[in-house]
Amino acid sequence: MNSIDATATEIARAVNARETSAVELADAMHARIGERDGAVGAYLSETSELAREYAKRVDARVAAGERLPLAGVPLAIKDNMCVAGTVTTCASKILEHWISPYTATAVARLLDAGAIPLGKTNMDEFAMGSSCENSALRKTANPWDLGRVPGGSSGGSVAAVAAGEATIALGSDTGGSIREPAAFCGVVGFKPTYGRVSRYGLIAFASSLDQIGPISKTVEDSALVYDVMAGLDPMDATSVDRPVEATATTLREDLRGVRVGIVDEFALDKLDADIRAVYEAAYADLVRLGATLVPVKLPTADYGVATYYLIAPAECSSNLARFDGMRYGLRVEGADVGATYEATRAAGFGDEVKRRILIGTYALSSGFYDAYYVRAQKARTLIAADFAKAFADCDVIACPSASTPAFEFDAKSDPFSMYLMDYYTIPMSLAGLPSLSVPCGYATPAGAAGPMPLGLELSAPLFAERALLGIAHAYERGTMHASKQSIPAIPSSATVGAR
Amino acid sequence: MASGEIDVAYVAKLARLALTPAEVERFGAQLGALLVHVDELAKLPVDDVAATAQVIPQSNVMRDDIVRPSLDRETVLVGAPRREGSYFRVPRIIGEDA
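Protein chains in written order, with my numbering: chain A, 1 to 499; chain B, 1 to 98.
The reader is advised that the hints may include incorrect statements.
If we take Cβ atoms under 8 Å as the criterion, some of the chain A residues that face chain B in the derived model are [unchecked claim]: (1) 195; (2) 231; (3) 235; (4) 237; (5) 270; (6) 273; (7) 309; (8) 322; (9) 326; (10) 382; (11) 412; (12) 413.
No more than 27 Å apart at the CA atoms, straight line, and that leaves these computed lysine-lysine pairs for DSSO-like [claimed, not checked]: (13) 354(A) / 297(A); (14) 56(A) / 93(A); (15) 13(B) / 389(A); (16) 93(A) / 270(A); (17) 13(B) / 93(A); (18) 412(A) / 139(A); (19) 297(A) / 93(A); (20) 484(A) / 43(B); (21) 389(A) / 139(A); (22) 270(A) / 412(A); (23) 270(A) / 43(B); (24) 43(B) / 297(A); (25) 412(A) / 354(A); (26) 93(A) / 389(A); (27) 297(A) / 270(A).
Hints in this document: simulated from the structure, not taken from any laboratory.
Ideal placement from N, C-alpha and C gives every residue a C-beta, glycine not left out.
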């Protein structure tokens, strides 16, 4: 295995041991991006000079005797996170040329731990979407089948890791935006507990839900990244003041004594037969590795999507009010200040962002606030209570990350059919739970170039990251699905082009 | 819970969003369809349930009020759509006859 295809854990070990250098890795990775990204389209911008600068610094620190947990590890960053001096677009025309004045805490912690910033990745505009097709700036393809979407909203980040164009990536997850694309691209995607990772420097979408998390090839790598970036940040008052339990050093190799909750309402007979067979096999593997399966109930889970599509748009309509063309970003001049606001936002936002602003404004407007927004917040209480009850009987809950593998471009033209892609991820987001997707097998949908990956979603009680990552690691090591198939060769001449 | 029709043009005005007549029609149909789905929430018995704004047991986070360095003016103004010297240049907000 070429060193740029190694895991973060292996790379950090090799760089710390001075067997390879961060500068060599950074250069090799940029060459790789040059070969492959025309076809994949994972990146919106490369930060090659910054990468080289950080790589030199890492090599110097290692030479001086420091040992860094992420020494030389190539990192891709979702383009809704600020990196000082680089363009941060949120894949939106309204921020297309905006330069971040500061660096997000999560990013800063990874860079300080030795990670190398390769560039900023594509996403659904303002993280609103489940396919990456809502990017206003670029199209991103699924490396497993270039005719299919990578999932979203963190589509560029997962595609970069899946295509070997980054070793680790940061994503953000509001209703499933790390887990669903991770499943679609056959990588690990982990959303920590709400409040566990600072959001300072993450451009807000829905503030009671947004959370930054790692995307990686292995659970161990996600644990490594989580350990570096989790914890209180004085710059984010919603980050939780509670000690972080290290996870990467406490991973387990079997599931003896683990109780895995299987949700009645997520019965597998809703799925196509070939997909159902994959999840039945995954549950059987959990048992083979020592776990006990426990039936649990989430009677309100079916209300998750409806609850989410009131709360998240309401918060988005408030957060995105700041994009008014006055202090940064696009401005389209109108006859007066009101017309300038309206013209700027009309030209700067894409359709999905407009839809969410409209529904959110409506749900918060006079006469509808109690019937929609407050009712949704009450439903959220019930959903969280259902999980608390379920976790009295189990340590983690297992279910599909998504109901299908990655679909073809333009397959979900009806907005609501796209919203349903997050059916299995939204309830956990509403309850703030740590939740991840780990590869669990493959299915070959009609018309696919070959087998497409599927993900198993594992979710745990609030702040139970150590248990969750430990269990996911044992499942991953006991099944090794990621090594059973590999992505087809990516043609260096191909291009997915600009949108 | 009321369902169905949503006055998109009015909501767009509240949201400071200029929409074309075609957009009003299209978004109106799409949002109407979404409302049919969210109206499902009316089935949930929530009358005696407290609302959840966020899920973490944390409130009123305080910090000391101390002066710290902030971003320098040029770093901030570099993103301004229009500027004049060290100021943001914005459209007139208060009318001359006000």
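Now for the hints, and whether the structure bears them out:
1. 195: 5 Å, holds
2. 231: Because about 14 Å separates residue 231(A) from the closest Cβ in chain B, which is outside the 8 Å limit, the hint is violated.
3. 235: 10 Å, violated
4. 237: Result: holds, 4 Å to nearest chain B Cβ.
5. 270: 17 Å, violated
6. 273: 27 Å, violated
7. 309: 6 Å, holds
8. 322: 11 Å, violated
9. 326: 5 Å, holds
10. 382: Residue 382(A) check passes; min Cβ-Cβ to chain B is 6 Å, inside 8 Å.
11. 412: 13 Å, violated
12. 413: 11 Å, violated
13. 354(A) / 297(A): 36 Å, violated
14. 56(A) / 93(A): Violated, at about 34 Å.
15. 13(B) / 389(A): 43 Å, violated
16. 93(A) / 270(A): 39 Å, violated
17. 13(B) / 93(A): 21 Å, holds
18. 412(A) / 139(A): Satisfied, since the Cα-Cα distance of roughly 15 Å is no more than 27 Å.
19. 297(A) / 93(A): 43 Å, violated
20. 484(A) / 43(B): Cα-Cα ~45 Å, so violated.
21. 389(A) / 139(A): 42 Å, violated
22. 270(A) / 412(A): 19 Å, holds
23. 270(A) / 43(B): 22 Å, holds
24. 43(B) / 297(A): 18 Å, holds
25. 412(A) / 354(A): Cα-Cα ~18 Å, so holds.
26. 93(A) / 389(A): Measuring from Cα to Cα gives roughly 44 Å; hence the hint is violated.
27. 297(A) / 270(A): 16 Å, holds
When each numbered hint is compared with the structure, violations occur for hints 2, 3, 5, 6, 8, 11, 12, 13, 14, 15, 16, 19, 20, 21 and 26.
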